[in-house]
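Novice: Sequence:
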Amino acid sequence: MSDFLFSVNVTLPIFLVMVIGWVLRQIGMLDEHFVTVANKFNFKVTLPFMLFRDIASVDIWKVFDLKFVLFCAVASSICFWGIWGVSKLLVKENSIRGAFVQASFRSSAAVMGLAFISNIYGASAMGPLMIIGAVPLYNIYAVIVLTFEASGEDGIRNTAKIKEACINILKNPIIISIFLGLTVSMLGIHFPVMVDKTVNSVAQLATPLALIVIGAGFEGRKALAKIKPTFWASAIKLVIQPLVFLPVAAWMGFTGEKMIAILIMLASPTTPSCYIMAKNMKNDGVLTASVVVATTLLAAFTLTLWIFLLRRFGLI
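Numbering that gives the first Met the number 0 puts the first residue of the sequence shown at 0, with every later residue one more than the last.
Keep in mind that a hint or two might mislead.
Here are the computed distance ranges between Cβ atoms for each label pair [as the list claims (entries may be wrong)]:
(1) L308 <-> A72: 22 to 28 Å
(2) K39 <-> V194: 22 to 28 Å
(3) I19 <-> T254: 36 to 42 Å
Simulated crosslink set (DSS-like; lysine-lysine; CA at most 27 Å straight-line) [stated by the list, open to error]:
(4) K39 <-> K281
(5) K162 <-> K61
(6) K87 <-> K225
(7) K281 <-> K227
(8) K225 <-> K66
(9) K225 <-> K91
(10) K87 <-> K162
(11) K196 <-> K43
(12) K91 <-> K281
(13) K43 <-> K227
Just so you know, these hints were derived from the structure itself, not from any lab.
Beta carbons are placed, not taken as given, at the ideal position from N, Cα and C, and that holds for glycine.
Produce the entire structure from the sequences given, and follow the hints as far as they go.
Specialist: Here it is in structure tokens:
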């Protein structure tokens, strides 16, 4: 029961903030223009600031674990390419395929994961290490699939799409912020308190604003029409990925903080930044928002189950 209450206390407030955004949209306080502008602001400013802060604050040289980082990178890569390959065969609607793939494999590692890890272990270096191993690939792979599967792009030749994907990767503010944070951490740069507080103030906007915007942009009736892909994307995100890779992680000897970080990477809800990127790259925002809402609500139950199993087997 305590595990369930713990997971509910982590996930339900996130869900309720989305509900607030939806209510504010219904009563007319927020509109489509706000959603559009806030999405761009989140994508280009607040999320990059948050990722930069989280990575720059860690002493990478002291805590770096190559085996752990490689596991996160390889597992994320297998998930992405496997889901995209299967979706080519099973997802008949081309217009939703990019959103489906991104929402199925991309976890809320930064927005929710670090808070979850800190609630269990306090200050932990394994969360930022997991972010280094997985989040750059999350964004690179998301740019690739959203570029190739974007609506209205069928007539573009593959070479042009590859060039566009490379440009989008190099211009992606989230990827840039991760590498800037990594550079600052590796060089041991320490900013004045004034700069740290400014960065932290902007970074703190990322999660609540992203959740408010998802709620405000959520279109219930359209989402119900896409309940089947929402169900399968949620099942892949919360159940199938951890079912495949957690035993592998245990076999490789990962326990404690590392196992929790891997669990968050594999089984946490779909990150709100999926919605932001899908909307900004001409993909299905309705399906993406639907999966974010569904996985956030269901994660209270699925994460509780995974934590119970990991504790039962002495892995955390």
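Novice: Does each hint fit the structure? Answer for all of them.
Specialist: Hints, verified against the model:
The beta-carbon spacing between L308 and A72, approximately 24 Å, falls within the hinted interval of 22 to 28 Å. Against the hinted window of 22 to 28 Å, the Cβ-Cβ separation of K39 and V194 comes to about 24 Å, which satisfies the hint. At roughly 38 Å, the beta-carbon separation of I19 and T254 lies within the given 36 to 42 Å, and the hint holds. At most 27 Å may separate the alpha-carbon atoms for a hinted pair to count; K39 and K281 meet this at roughly 13 Å.
Annotation: proposed proximity of K162 to K61 is violated, straight-line Cα distance about 37 Å (limit 27 Å). Proximity of K87 to K225 is assessed by CA-CA distance (about 17 Å); at most 27 Å being required, the pair is judged to hold. Pair hint K281 plus K227 holds up; C-alpha atoms about 21 Å apart against a cutoff of 27 Å. This hinted pair does not check out: K225 and K66 have alpha carbons roughly 39 Å apart, beyond 27 Å.
Between K225 and K91, the direct Cα distance comes to roughly 13 Å. Compliance with the 27 Å bound is thereby established for this hinted pair. Distance restraint check for K87 and K162: the Cα-Cα separation of roughly 22 Å lies within the 27 Å cut-off, and the hinted pair is therefore satisfied. Taken as a hint, the K196 and K43 pair is honoured in the structure, with Cα atoms around 19 Å apart against an allowance of 27 Å. For the hint linking K91 to K281, the alpha-carbon distance of about 18 Å falls within 27 Å, and the restraint holds.
Distance check on the hinted pair: K43 and K227 sit about 32 Å apart at the alpha-carbon level, beyond 27 Å; violated.
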